[in-house]
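Using the hints provided, position chains L, H and R relative to the given structure of chain Y.
Chains as they are written, first to last, in this note's numbering: chain Y, 1 to 89; chain L, 1 to 89; chain H, 1 to 152; chain R, 1 to 152.
Quick caveat, the hints were computed from the structure, so don't treat them as lab data. Each hint should be verified, as a subset may be incorrect.
Simulated crosslink set (EDC-like; lysine to aspartate or glutamate; CA at most 20 Å straight-line) [what the hints assert, rightly or not]:
id : chain 1 : residue 1 : chain 2 : residue 2
1  : R       : Lys-17    : H       : Asp-8
2  : R       : Lys-137   : Y       : Asp-56
3  : R       : Lys-124   : R       : Asp-43
4  : H       : Lys-137   : L       : Asp-56
5  : R       : Lys-137   : H       : Asp-72
6  : H       : Lys-124   : L       : Glu-19
7  : L       : Lys-69    : L       : Asp-56
8  : Y       : Lys-69    : R       : Glu-145
9  : R       : Lys-124   : Y       : Asp-22
10 : R       : Lys-17    : H       : Glu-13
11 : H       : Lys-17    : R       : Asp-89
12 : H       : Lys-124   : L       : Asp-24
13 : H       : Lys-17    : R       : Asp-37
14 : R       : Lys-17    : H       : Asp-89
15 : R       : Lys-17    : H       : Asp-37
16 : R       : Lys-17    : H       : Asp-10
17 : H       : Lys-17    : R       : Asp-10
18 : H       : Lys-124   : L       : Asp-22
19 : H       : Lys-17    : R       : Asp-8
Here's the letter readout for the chains.
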Amino acid sequence: MNDQSHATVTVRFFARLREQLDTDSVAVPISEPATVADVLKTLADRGSVWAELCADSRVMIAVNQAMAKTTTPLKPRDEVAFFPPVTGG
Amino acid sequence: MNDQSHATVTVRFFARLREQLDTDSVAVPISEPATVADVLKTLADRGSVWAELCADSRVMIAVNQAMAKTTTPLKPRDEVAFFPPVTGG
Amino acid sequence: MVIIQAADFDLAEEYQKLRNSGNGTGAIATFTGLVRDHGDLDDVTGLFLEHYPGMTEQVIEGLITEAGKRWDVRAARVIHRIGSLALGDQIVFVGVCSAHRGDAFAACQFIMDALKTSAPFWKKELSRSGDHWVEQKDSDRTQSEQWHKRQE
Amino acid sequence: MVIIQAADFDLAEEYQKLRNSGNGTGAIATFTGLVRDHGDLDDVTGLFLEHYPGMTEQVIEGLITEAGKRWDVRAARVIHRIGSLALGDQIVFVGVCSAHRGDAFAACQFIMDALKTSAPFWKKELSRSGDHWVEQKDSDRTQSEQWHKRQE
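For reference, chain Y alone in the conformation it holds in the complex (with noise of 0.2 Å):
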């Protein structure tokens, strides 16, 4: 393992998303400075769903279990999270 090994975030998806890309989570590389919109890029660029659920401005974020958007910086070993639109109650 290298230095760079450690510059990652931890990008988890639930529920329709979870589903439609068909894991639960993936390590992301990133290097500082980093906003999530560099993740979503990141992930966009594995083409076919990945960029269409990335493109979905619907698909709401939050990075270390905190409501977040596509702006709010991230540092190594961050958890981000993407999914739809909660639907609880």
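Coordinates of chains L, H and R only, in the frame set by chain Y:
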């Protein structure tokens, strides 16, 4: 009992009014057309605490167990009630 | 359903009845009022609740009917206690079952607010220094008037 | 107090806890949401509730804190169920104990409305013709935005 004795309404008092008047109901003669205002006048003529309570604009009025006003018309055997602003709940 | 009684009531039982009569609807709002441990007087030891039998039930049934015209109301239950109550006792219950969350809240609060200014109940505070009829609060009148304004 | 659990909950127990922690206050408002017997699909047989463990609790605790800044809140309890639910099952409980009736209603409704749009839960409707993620309703978004407007 003559016919005239039937031309009365029952007047009920509750809570503070009942205590201040020291009675929970009286029969008041009416001659039609009559309204609640006529009953209030008859009672006020008794003087002292009766006059005082009948002049109190905060006193609430019910006729046949529905909220009413001084202008509400009355017929014999109606049930009139006077009481303080309600404080339930 | 309106019940005036001296006995205490059981929220769980009332809730279950609302749930049963709502069958298949999604939202139940309840309100329970308790006798406060402080009142107009500092040394209050309890309350005595007087009411106008017959009229009380009619007025509250009327409020439930009005609520049913303004909102989706599948079932509504009101219980109001009378007689002697201790500090902390349950005094009033209002429960509404509706297909919609907002309607359940609105109808429940409307019935409760309107009951405070139109149902013939009177509270007497019992205290070591003597008894005392409670005066109606301006805030209760205002809160009830809000509902008329909203309707206009 | 926020509890996320698969198990059912008991309204009476929650109410008693609110009543105990409010000690001496006068008003308890509760809301209970039930799984409706009809949904986006006609042949719905049940629901599956997914959530984001950890974040869910934080978001709802935040809503309780916000409610406490805006209204008199002596105690608040929220329970949300996850996993498999049948039609008619209890799904969510919000209870608020306050010194004031209006505050109890407002805080309870605020927490419930805001939970609908900000707590990370997702409903999947299970039906004989296949499963289906529920879409967020515009009305829920609107109802939650009302509270922000009222604050301005």
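How the hints compare with the structure:
1. R/Lys-17 x H/Asp-8: Holds, because 18 Å separates the two Cα atoms, which is no more than 20 Å.
2. R/Lys-137 x Y/Asp-56: It holds: about 17 Å lies between the C-alpha atoms, which stays within 20 Å.
3. R/Lys-124 x R/Asp-43: Roughly 13 Å separates the two Cα atoms, so the pair holds.
4. H/Lys-137 x L/Asp-56: Distance ~17 Å between H/Lys-137 and L/Asp-56 Cα, so the pair holds.
5. R/Lys-137 x H/Asp-72: Answer holds: R/Lys-137 to H/Asp-72 is near 19 Å, not above 20 Å.
6. H/Lys-124 x L/Glu-19: Given that 20 Å is the threshold and the Cα spacing comes to 12 Å, the pair holds.
7. L/Lys-69 x L/Asp-56: 13 Å, holds
8. Y/Lys-69 x R/Glu-145: Distance ~18 Å between Y/Lys-69 and R/Glu-145 Cα, so the pair holds.
9. R/Lys-124 x Y/Asp-22: 16 Å, holds
10. R/Lys-17 x H/Glu-13: 17 Å, holds
11. H/Lys-17 x R/Asp-89: 15 Å, holds
12. H/Lys-124 x L/Asp-24: 17 Å, holds
13. H/Lys-17 x R/Asp-37: The given pair, whose Cα atoms are some 18 Å apart, holds under the 20 Å limit.
14. R/Lys-17 x H/Asp-89: 15 Å, holds
15. R/Lys-17 x H/Asp-37: Status holds; Cα separation ~18 Å.
16. R/Lys-17 x H/Asp-10: 15 Å, holds
17. H/Lys-17 x R/Asp-10: Holds, because 15 Å separates the two Cα atoms, which is no more than 20 Å.
18. H/Lys-124 x L/Asp-22: 16 Å, holds
19. H/Lys-17 x R/Asp-8: Holds - the C-alpha atoms of R/Asp-8 and H/Lys-17 are around 18 Å apart, at most 20 Å.
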